[in-house]
Structures are given as C-alpha cells and as structure tokens.
Amino acid sequence: MSPSVDNAIETRGLRKVFGSHVAVRNLSLTVPRGEIFGFLGPNGAGKSTSIKMLLGLVHPTSGDSFVLGAASGDVDIRRRIGFLPEDFRFYDWLTASELVQFHGRLCGMTKEELRRRVPEVIDLVGLTQHQDRRVKGFSKGMLQRIGLAQALVHEPDIIFLDEPTSGLDPMGRLMVRDILRAERERGATVFLNSHLLSEIEVTCDRVAFIKNGEVVTTRDLSDTPMEEVGVVMGARNVSQQAIAGLTRWAEAIDREQEKLRFRVHSRDVLPDIMRFLVAAGADIFEFTPERVSLEQIFVTIMGEDTSL
Amino acid sequence: MSNIAIIAGVTLREAARRKILWTALFAGALLLAIFAIALRLQVVEFQSRPMSPFVRYQVESGMLMIGLYTCDLLAVVLTILTSIDTLAGEISSGTIQAVATKPISRSQLLLGKYLGFVGMIVVYVAVTFSATIAVAYSVTGVLPENPVHGLFLIIFECIVALSLTFMFGTWFSTLTNGVVVLGLQAVAFMGGWLEQVSGFSQSGHIVTLGVASSLIMPGESLWRRAAYEMQTPLAGSLSFSPFANVSIPSSTAIVYAAAYLCIVLGVAIWHFNERDL
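Line by line, the protein sequences are chains A and B.
With the numbering used here, letter number 96 in the first sequence gets 133, and the count goes up by one each step, no holes.
With the numbering used here, letter number 198 in the second sequence gets 393, and the count goes up by one each step, no holes.
Hint data in this document are derived by calculation from the structure and do not stem from the laboratory.
Don't take every hint at face value.
Ranges of calculated distance between the beta carbons of each label pair, as one might list FRET restraints [stated by the list, open to error]: (1) A:GLY224 to B:LYS214: 44 to 52 Å; (2) B:TRP465 to A:THR337: 41 to 49 Å; (3) A:GLY81 to B:ALA211: 40 to 48 Å; (4) A:VAL59 to B:GLY314: 41 to 49 Å; (5) B:VAL322 to A:LYS173: 24 to 32 Å; (6) B:SER446 to A:THR147: 41 to 49 Å; (7) B:ALA211 to A:LEU233: 35 to 43 Å; (8) A:SER176 to B:ILE215: 21 to 29 Å; (9) B:TRP465 to A:THR147: 29 to 37 Å; (10) A:ASP124 to B:VAL318: 32 to 40 Å.
Below, in silico cross-link-like pairs of lysine-lysine (DSS-like), each with a Cα-Cα straight-line distance of 27 Å or less [as the list claims (entries may be wrong)]: (11) A:LYS177 to B:LYS214; (12) A:LYS148 to A:LYS173; (13) A:LYS173 to B:LYS214.
For the chain B half of the interface with chain A, some residues (derived, Cβ under 7 Å), not all of them [what the hints assert, rightly or not]: (14) ILE201; (15) GLU209; (16) ARG212; (17) THR290; (18) GLN292; (19) ALA293; (20) THR296; (21) LYS297; (22) PRO298; (23) ILE299; (24) SER300; (25) ASP471.
In this text, a Cβ means the ideal position worked out from N, Cα and C, and glycines have one as well.
So here's chain B without its partners, still in its complex pose (with noise of 0.2 Å):
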C-alpha cells in the first residue's frame, strides 16, 4: 500500500509540473472571466425591463448550467490530455524499467499512477466548479440544485476517461491512445444527442443508437445525469442542449459507468501484468 502511495504522490506531482494542467487552468480562469461578464451584462439587461422572477430564475439557472458544462468539458480534455503519455510514453521512453524492476508489483505501480490522477482530476475539477458556482452566485445568486452529486459526476467521468487512457496505454504508443481516446468521447458525445433527440423523435432506431454509442463510452451520459441533478426542475422541458437534459440517464446507466470503470481498469491491470516492458 506505502508503494502505491508513493507512486501516487510522484504522480501528483508530475502532473503538476506539466504544463498542459497549467494551461487548463489558465482557460479555466479565463473562461470564468468571460461567464462572469455575460452573466453580470444579462442582470443588467434583465434589470432595464420587466420580467417575471420565475422565468429570469430558469434563464439564469440555464446560464450556470452553461457555466458548468464548460467547467466539465474542460476536465475531460484536461484528463485525457495529460494522462495520455504516463504509461505510454514511460514504456517506450524506458523510463518504467527503472521502477518496474524495484519491489513494487505492476499493479500497485499502475494503481498508483492511478490515483496520482485521479487526485489531479479532483482537485482541478472541484477548483473550477466550486469557482465557477461561487461566480453564478455572486452576480445571480442562483445556486444549482444538487451541487454535490453534479460534482461527483463529473469527476466519475472524468475517471471513466481516465481509465481509458490508462487501458489502451498498455497497448498503445501516446498518440494513438490520445487518438482512440478522444474518438471515443466524440462517440460519446454523439450518443448523448442521439438520446437527447429521441426525446422528441418517435424512431426507435436513433434510440438505439444513441443507447449503443453510450454503451461503448458511458461518459456523456453522466454529465447528462449531473445535468438532470443540477438544473431547476422545469428546464428539461424548456431546454434542448447538451446542458439540460431531455432523455435522462437512469441510475441504471450510472451503475453501467461503474461497472465499465471496474472492468477497463481491471483490463488496464491484467495487460499491463502480462505484457513485456
């Protein structure tokens, strides 16, 4: 166990060192910057005429959940893009053989590489939706509903990505693992509008797909699901965008996402046990 944490701990702080996790960061501020400006100029627009509460409370509510898809998108990209090259690129730079060969087995090392992510992936994560909350708050004072399910949903996505990166990193050189990768969220986010257009759609064949595309990376469907938690109760029927919902993932599907989790990492291990370094 000590050896996983100091894999992790070395994780960590690599991944702070790199500049791509910087850089997100520095995006993160800046588009935080940009939704604190649009929000504060929407109150002034909505302060120069009448409108009824109610529905500056969904317009405004609607804003955040903007606010938060951005936050969540950001993570995903920032997640595969730094965790792409950790196993990857030790294998075939040698790096690994360094600590391969101390007394540590192949799967504490991976699961501590793991874990040095995944606490990046929380940190980051709760840094730029708390900021991005606190921010809504603030100029608005719209609060989401749910905030602590919508944050452990995204970093569960983030998670199922990362588990991605760390599976095909067994078997694939950087590149092509950052290429599988990403072509698997797109999959993803294909299949959350497929699902989001069978909502008003009446062909059982888009379903279908839509279910299928979420079967092979479950990732958009749990935003979709933190979407559902965090927005007010009446935008899904206002609402037909990435950001609300209008087909809602069941607890079904979050419990496929875990299941899919346990299983890529559990693959992620075996292969990395058995291949050569």
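If we strip away everything but chain A, and leave its shape as in the complex, we get (with noise of 0.2 Å):
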C-alpha cells in the first residue's frame, strides 16, 4: 500500500507477536495531520506496542504502518517526530538545560537554533526556575515536563505522547493541554495516548477505542462534542409495547420500576419521544436529559473489565 499525503498515521493490519502473546492483533488506523488524536483503550490492549511499531521501536510481525508518509523506523523522518515516553526517564546528571540541548543536537538543530529555542521550551513547559538544575533531583511531574520539553524542542510535525499526564497536578495538566493545543494551530499532529478520559475528551479531536489489539471504533469529537445524550425519565404506565416502540430513537434502554434510562444520538430527537410516549399513555413527571460522558462510552464499548 501507498500512504496517503494528507494522513499524519497509517497502518494496515499491523500485527504483533510476543512469543505466544498477541499483543496487537489487526490494527487499522487513519490519523489526517493536525489533528489531536486519542487513542484509548484498556490495560493490556496493545496501546504502548501500537505506538512503539508506529515509532520503529519495535518491530511488526505483519502489516504495514507509515508516519508522515514514511514507513515507519525511516530514519530520517525522525527528525520531523517527537516523542514523550511514558515514565520518561534520562541520564540523571544532565542538567535540564542540557537534557533538551542534548536532543536538540541529535535532531540536527544548529547553535543558533538551540540558543533560541532551549530556553523557550523550557518556559513553554514551566521549568525556566530549574534550567539548571540536575534532573536527578527532579519529581516525576517535573520529569514529565522536561520529557515533554525534548518532545517538542525541534518544532516536529507529529508529536506521539504516552501518558503525558500521568505525573502531573492539575496545573500540569492544564499546561499540557494549552500546549497540545498551540501544537495544534501550529499544524503538528497530535497522537495521545492516556487512561484520563476527562482530558482526551476536552482536548482531542478524535479518538480511536483499542481493545485486544484491534481498533474497535473511532469518534469525532471536534464539531459536536459527545452529541449522544443519555435521558432519565421518572414515569408510570410505560408499556411494553411503548418500550419496544422507543427502540426506534433509542438504545442501552433500562427499566428500573419507575425510572427509564436510555440513550439517544442527538438531542433533536428527544421532543419525538415525549409525544410518542404521552400518546401511549404513560405518565411523565421526569425526564432529565444528560450528556454522555467519555467514560460511559468506554465503558459501554469495552463491556466488562479485562484489564490486566
């Protein structure tokens, strides 16, 4: 296959197999540049193997995987690609000043280029107090930081982050997402792995659900954020036959007694509903629509727990 210009990621039936451990079953995947995507998933579900074959890191046992219109572990492409491990972790006795100069040089960043962008993405990540200070004595969101600042110090036009947030407080959090953001309108691409669904759902633009190493699904959520509503009704006299009837808007339908759930996938089908159901007779004293929260999905597509 031949890689689309347009798409930051692509792969096709990418597979990989530990010793008798699938760990990435069938990943088929469509990242388009400047996009901030999520990729989601449970423990075990081949996320961090999915990225390390998409960076080179490791090796496929079958399928075929391109990052910016170059197979995947091109060399030189690298240059165009950052990269923020999970649990990022470096040489100790660098300063943190060095630590991104350091990869800034490997990059292929000049002098004059590291003069000016060093101390800036160190600002950017809020460490311009301990520039020169040893990372040994860092704390973990502050190694998260300086892990983020070496991601982004080349200005790369694709930037894979796993678990950016994982160390960081709150504040970090909020930084980490202004910067995806500013990534954004620059034009890079974003690929986010992370188990905070909250912060996919307010940064991403897209996310992609992973579970046994396959794709199973992906959502847009840039032009209608999380458009499917979940309603909670308090009625009587609610048929059978109105109940079946309410399939034709609605799913994941619960009745508890007197307490109807279900879900809808927009808003504008929740008048239909009422008259439907008032003309079948039940008698309505509540109905309460609620947004439909990131995690709710999850949980519906993932099913029941088997993380590891």
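Hints are included, so try docking the two chains, each in its own frame, into the full complex.
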C-alpha cells in the first residue's frame, strides 16, 4: 500500500506477537494531519506496543505502518517526530537545559537554533527556574515536563505522547492541554495515549478505542462534542409496546420500576420521544437529558473489565 | 557521523561520572603506591648485598611486569563493570526509547556508545600504564621493552571485553551480562595458564584445551603477547607466571583477536537492529 500525503499516520493490519502472546492483533488506523488524536483502551489492549511500532521501536510481525508518509522506522523522518515515552527518564546527571540541548542536537538543530529554542521550550513547560538543576532531583511531574520539552524542542510535525499527564498535578495538566492546543494551531499532529478520559474528552479532535489489539471504533469529538445524550425518566404506565417503540430512537434502554434510562444519538429526537410516550399513555413526571461522558462510552464499548 | 560523536561525547561524560571509574582510579593509585614502596624496599635490599647488575635488572624488570599486569587486570575489570549496564540497563529502564526515536540509526547509537567507552578505556589505560612505568623508572631506572606495543595490546584486550559486554547487552539483563562476560574472562585466564603449562608439559590435550579456551575468549592471549613484547628477552625462560611468558601467542593470535572483535561488534550491531526496544 502507498500512504496518503494527507495522513499523519496510516496503518493496515498491523500485528505484533511476542512468543505466544498476541499484543496487537490487527491495527488499522488513519490519523489525518493537524488533529489531536486520542488512543484509548484498557490495560493490555496493545496501546504502548502500537505506539512503539509506529515509532520503529518494535518491529511488527506483519502489516504496514506509515508516519508522515514514510515507513515506520525511517531514520530521516524522525527529524519531524517528537516522542514522550511513558515514565520519561534520562541521564539524571544532566541539567534540564543540557538534556533538552542534547535531544535538540540529535535532531540536527544548529547552535543558533538551540540558543533560541531551548530556553523557550523550557519556559513553555514551566521549568525556567530549574533549567540549571540536575535532573536527578526532579519529581515525577518535573520529569514529565522536561520529557515534554525534549519532545517539542525541534518543533516536530507529529508528536506522540504516552500518558503525558500521569505524573502531573492539575496545573500541569492544564499546561499540557494548552501546549497541545498550541501545537495543533501550529499545524502539528498530536497522538495522545492517555488513561485520563476527561483529558482526552476536552483535548482531542478524535478518539480511537482499542481492545484486544484492534480498533473497535473511532469517534469524532471536534464538531459536535459528545452528541450522545442519556435520558433519565420518571414515568408510570409505560407499556411494553411503548418501550419496544422507543427503540426507533433509543438504545441501551433500562427500566427499573418507575425509572427509565436510555441513550439517543441526538438531542433533536427528544421531543418526538416525549410525544410518542404521552400518546402511548405514559404519565411522565421527570424527563432529564444528560450528556454522555466519554467514560460511559468507554465502558459501553469495552464491556466488562478485562484489564490485566 | 556527527550523531555518533554526540552519543560518544555524552557516553564519555556519563562514564566519567560513574563511581566505579573513580574507584578504579583510586585503586590504581593505591596499588601504584604499594608498587613504589615494594620497588624501593627491593632496591634498598639489593644495595645491601653484592649482586650482579644483570640479575638485578632481570628481577626489577620482573617486578615491573607485576605492576603492569595489575594495571591490565584493573583495566579489564573496569571495562566490564562500567559497560555492562549501558545497553542492557537503558533497554530495560526504557531510557533508550527517547534516543532511539531521534534521527539516529541504531548502528550509530551503538557505535557512539562504544566509541565513548573506547575513549574512556584509552585514557584510563594510558594514565595507569604510564604512571606504573614512570614509578618503576624513577625508583629502579628500569624501562620495559616496546612499551607502545604493550600499551596498544592492553587497550586491545579491554576493547575485546567491551565488545562482548555490548554484544551480550543486546540480549541479556545487566547482571546476566556481567556474569557471562566475567565468566568468559575466567575462561580466557584458564586458557592462558593451560597454554603456559603446555610450555613444560608434553600433553597435547592440554595444549588443545588451552588453545580452545583462547579461541573462545582471546583477551588473555593479548596480555601474554603484551608481556612478551615488554619483558626482557631472558625473562621468558626464567619466569613461569601470568606476568611473563613461556608460551608466546603468535601474530596469528593477534589477527584472530582482531577478527573476533569485529565479529562480536558486528553481531552486537545486527542484534541491536533486530530486537524490539
């Protein structure tokens, strides 16, 4: 297959087997350029292995993957890739400034570029006061910040972030969110692997749900964020026929005495449902639409907990 | 090429920060002091009784070889202990991921680290080797034969050990790597002794065993060649110890060691490229 120039990431049938364990079964994914793309799944779903295959750290057993139009593992294209590994760590005897400089030099930055960019990116992650301190004394959150700085120093076209906010306090998370948005404004693509669904929900344009090493579904969050609506009703005299009729608009219908819960894909159908139920003879004394969170969708898609 | 230089530079700086390097330098200085005192005591003792200058020269040269052998042993141990962690440790901790995703090939990454360690070894061996010779010369006035050849061969021996820690570091954990390479070093030491014994024994089997051990790990034969190059011509026939030689490794053994080093390094690069990080 040949990759499209419009896509930052393209994979087809990517598979990785470690011994007898299938880590990634069949990953087919397309991420257009300029998006913040969320990658979601339970523990052991194959997220980190997938990222490592995209970056050329892990060799796939079969399948194709391309990043910025080049095959994963291409050395030259890495000049345009930034990566923050999970639990970032590096030589702890370097100062924060030296660490970022080192990574910038590896990316081919000139002395002039480093002189301008290193203080700038250290300031961006809020570590200016600590730039001459050795990384050895850094907290986990500070390490994540300096890790983010090394991923961004060369102004890459695509940035892979593996759990970037795991060690950060709420202020740090806000900072990461702002940085990612700024990177998208700059035209960069961000590939975000995070367990924090609320982070993904407010940051990402699109998400892919991965389970057992396969993409189960992808959702667009950019234009109509979380259009799905859950409804909680309090009603009497709701007949079985009325409930069967509800399936025209609703799914995940759950009835418990006088409580009725269901989910619809658009708020627009709510008046129709009200009219239908009243016409069917139901006495409605409560009708509360609730926004469906990404967490609820995640739980629905992933089913029961199969995490390791 | 510049990427190799960047990695070599940071590796050299990292090696210089390891306590083991400074401990080895301290140990080297301590041994040098003991060596100087022993030499001085020997010189005083020699002055107290009549002795032919020829015999005196042979004994003092022999003592210098003890000093240089100590120097060689420390350098090999330092090489192994400082380098066993560089690939194995960074792979297991994930530290290597941030570098391996930069625009640098894995071969460049490995060679950069390798050259960084080679730089450290060259400096360490040159300092301790020169200091040992300087102490011996100042106390006794004795100099080794062919010191440059000797220095080169000791560095060569260390680099063979380094190549092995790199190769096994792409397969094993830090601890296993250390055990395997130190084990091979022991095999080499045994091989050296067996070849020495074969100089007196008529048993062909001992010769075969000694040669086989030296083929598995040729490091010790490089020291024995270095000792042969540096000792007085008569010493070989007077001595029976690892500090001097009965059985002298041939030039073919040196060529074999060079080919061995290239193959081990080649396998290290190949496997580092092949493996998942």
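Structure-based check of all given hints:
1. A:GLY224 to B:LYS214: 44 to 52 Å: 47 Å, holds
2. B:TRP465 to A:THR337: 41 to 49 Å: Holds, since TRP465 (chain B) and THR337 (chain A) (Cβ atoms, about 47 Å apart) stay within the stated range.
3. A:GLY81 to B:ALA211: 40 to 48 Å: 41 Å, holds
4. A:VAL59 to B:GLY314: 41 to 49 Å: 44 Å, holds
5. B:VAL322 to A:LYS173: 24 to 32 Å: Hint holds: Cβ distance 28 Å, inside 24 to 32 Å.
6. B:SER446 to A:THR147: 41 to 49 Å: Given a distance of about 48 Å, which is inside 41 to 49 Å, the answer is holds.
7. B:ALA211 to A:LEU233: 35 to 43 Å: 41 Å, holds
8. A:SER176 to B:ILE215: 21 to 29 Å: 28 Å, holds
9. B:TRP465 to A:THR147: 29 to 37 Å: 33 Å, holds
10. A:ASP124 to B:VAL318: 32 to 40 Å: 34 Å, holds
11. A:LYS177 to B:LYS214: 25 Å, holds
12. A:LYS148 to A:LYS173: The given pair, whose Cα atoms are some 25 Å apart, holds under the 27 Å limit.
13. A:LYS173 to B:LYS214: Distance ~16 Å between LYS173 (chain A) and LYS214 (chain B) Cα, so the pair holds.
14. ILE201: 5 Å, holds
15. GLU209: Where the cut-off is 7 Å and the nearest Cβ of chain A is about 6 Å from GLU209 (chain B), the hint holds.
16. ARG212: Where the cut-off is 7 Å and the nearest Cβ of chain A is about 5 Å from ARG212 (chain B), the hint holds.
17. THR290: 6 Å, holds
18. GLN292: 5 Å, holds
19. ALA293: With Cβ-Cβ at 6 Å, under 7 Å, it holds.
20. THR296: THR296 (chain B) check passes; min Cβ-Cβ to chain A is 4 Å, inside 7 Å.
21. LYS297: Holds - the Cβ of LYS297 (chain B) comes within 7 Å of chain A, reaching about 4 Å at its closest.
22. PRO298: 4 Å, holds
23. ILE299: At about 6 Å, which falls below the 7 Å cut-off, the nearest Cβ of chain A leaves the hint on ILE299 (chain B) intact, so it holds.
24. SER300: Holds. Min distance 5 Å.
25. ASP471: 4 Å, holds
Of the numbered hints listed earlier, not one is contradicted by the structure.
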